[in-house]
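Using the sequences provided together with the hints, build the complete structure.
2 protein chains.
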Amino acid sequence: MELLKKKIRDVGRVIGDDILKVDSFLNHQIDVEFIDKVGKEFYERFKDDKITKVLTVETSGISVAFATARYFKVPVVFAKKTESRNIDDDVFESQVYSFTKSKEYKVRISKMHLNEDDVVLIVDDFLASGSATNSMIDIASQAGAKIAGFGIVIEKVFQEGGNKLRESGYKIESLAMIEKFEDGQVVFYK
Amino acid sequence: MELLKKKIRDVGRVIGDDILKVDSFLNHQIDVEFIDKVGKEFYERFKDDKITKVLTVETSGISVAFATARYFKVPVVFAKKTESRNIDDDVFESQVYSFTKSKEYKVRISKMHLNEDDVVLIVDDFLASGSATNSMIDIASQAGAKIAGFGIVIEKVFQEGGNKLRESGYKIESLAMIEKFEDGQVVFYK
Numbered sequence: 001m002e003l004l005k006k007k008i009r010d011v012g013r014v015i016g017d018d019i020l021k022v023d024s025f026l027n028h029q030i031d032v033e034f035i036d037k038v039g040k041e042f043y044e045r046f047k048d049d050k051i052t053k054v055l056t057v058e059t060s061g062i063s064v065a066f067a068t069a070r071y072f073k074v075p076v077v078f079a080k081k082t083e084s085r086n087i088d089d090d091v092f093e094s095q096v097y098s099f100t101k102s103k104e105y106k107v108r109i110s111k112m113h114l115n116e117d118d119v120v121l122i123v124d125d126f127l128a129s130g131s132a133t134n135s136m137i138d139i140a141s142q143a144g145a146k147i148a149g150f151g152i153v154i155e156k157v158f159q160e161g162g163n164k165l166r167e168s169g170y171k172i173e174s175l176a177m178i179e180k181f182e183d184g185q186v187v188f189y190k
Numbered sequence: 001m002e003l004l005k006k007k008i009r010d011v012g013r014v015i016g017d018d019i020l021k022v023d024s025f026l027n028h029q030i031d032v033e034f035i036d037k038v039g040k041e042f043y044e045r046f047k048d049d050k051i052t053k054v055l056t057v058e059t060s061g062i063s064v065a066f067a068t069a070r071y072f073k074v075p076v077v078f079a080k081k082t083e084s085r086n087i088d089d090d091v092f093e094s095q096v097y098s099f100t101k102s103k104e105y106k107v108r109i110s111k112m113h114l115n116e117d118d119v120v121l122i123v124d125d126f127l128a129s130g131s132a133t134n135s136m137i138d139i140a141s142q143a144g145a146k147i148a149g150f151g152i153v154i155e156k157v158f159q160e161g162g163n164k165l166r167e168s169g170y171k172i173e174s175l176a177m178i179e180k181f182e183d184g185q186v187v188f189y190k
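Respectively, the protein sequence lines represent chains W and Z.
First residue of the first sequence? That's 1 in this note's numbering, and the numbers climb one at a time after it.
First residue of the second sequence? That's 1 in this note's numbering, and the numbers climb one at a time after it.
Everything labelled a hint here was simulated from the structure, so no lab data went into it.
Computed from a prediction, not measured in an experiment: that's the story for all the values here.
It is possible that part of the hints are untrue.
Partner residues aside, some chain W positions facing chain Z, computed with beta carbon under 7 Å [unchecked claim]:
hint, residue
1, 16
2, 30
3, 34
4, 62
Where a beta carbon is used, it is the ideal one built from N, C-alpha and C, also for glycine.
Here you go:
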């Protein structure tokens, strides 16, 4: 998605060897008009896949999931990271290691909101090592739901999570693929 | 908003004396079409207030904020709860006590994304004791931003947060106001 690459070039900031800050439009301030276009793009790429739900993990994926699900006219379900009185005890649960926060945490989806009739599109802001996406695969599998594929805004190709998913046969649509960071600049994969 | 009251009556679940679970459409599974209507309603109620940004606290407010901001054609900024490498060090910070999680935490907004030219609409899924909304007032005040008002999906009137804000002169638009829970049922304020 050329518009996204331009946005990353214009306002993304590379920190060190591995961090790309896109907090001005994606995961802190949200450029709503732009994220709506991201949602439309995912819709175009998965519209024939009979999606019944858009899945993500809180927090940064929620706005992208919402924008995407609006085009599909289906609900979002987002996995919760923390124990909360707002969620039932009867949950599907999995483990994630967060690269940006350097810690492990559990994610949960209530059994009420995912089942074997669902065909899910899993979306997220970033795909790097793939730990968050793997937790979603785990949870979808526990629920017996079918995974149509993954809609990723920014894939860090050098961290291999995406390639492992492709090798497992999943359909991955990444709107921007980053090969590496060089001299504080983003080098796109293609 | 009658549609919201109907939704709460139909699928909300009262737990004990103080918890209303609306995880089937608001804060775990998201009924996107419905939340879009919530966003439109907030737009109607604040459209003359020259809003430049919609503010919320992660996580449950994000989808409502996104839906609202789409009608206003302005960005969302959501306050972050946790330390993250995705946020700058240079932040406005405040303290929140979470009723549903029974703990204190800090919320932060990068100084890059809020300033004295902003007129903000603060939205959230629930308003109870008002701790989260007070943290947003604190942060907006640190930034010198003007607060146009609050768009609240569900206000628990018996917890006084909303009334304290009204006494302070703020415009509060709550789409459903709950007076109390009685025999496992919701009693609306009006």
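Do the numbers back the hint for residue 62/W, that is, is its least Cβ distance to chain Z under 7 Å?
-> holds, 5 Å
How about residue 30/W: closest beta carbon in chain Z under 7 Å, or not?
-> With Cβ-Cβ at 4 Å, under 7 Å, it holds.
Does the interface hint hold: is residue 34/W within less than 7 Å of chain Z, judged Cβ to Cβ?
-> Hint violated; residue 34/W Cβ to chain Z Cβ min 9 Å, cut 7 Å.
Could you check if residue 16/W really has its C-beta closer than 7 Å to a C-beta on chain Z?
-> violated, 9 Å
Violation of the numbered hints given earlier is confined to hints 1 and 3; the remaining hints are satisfied by the structure.
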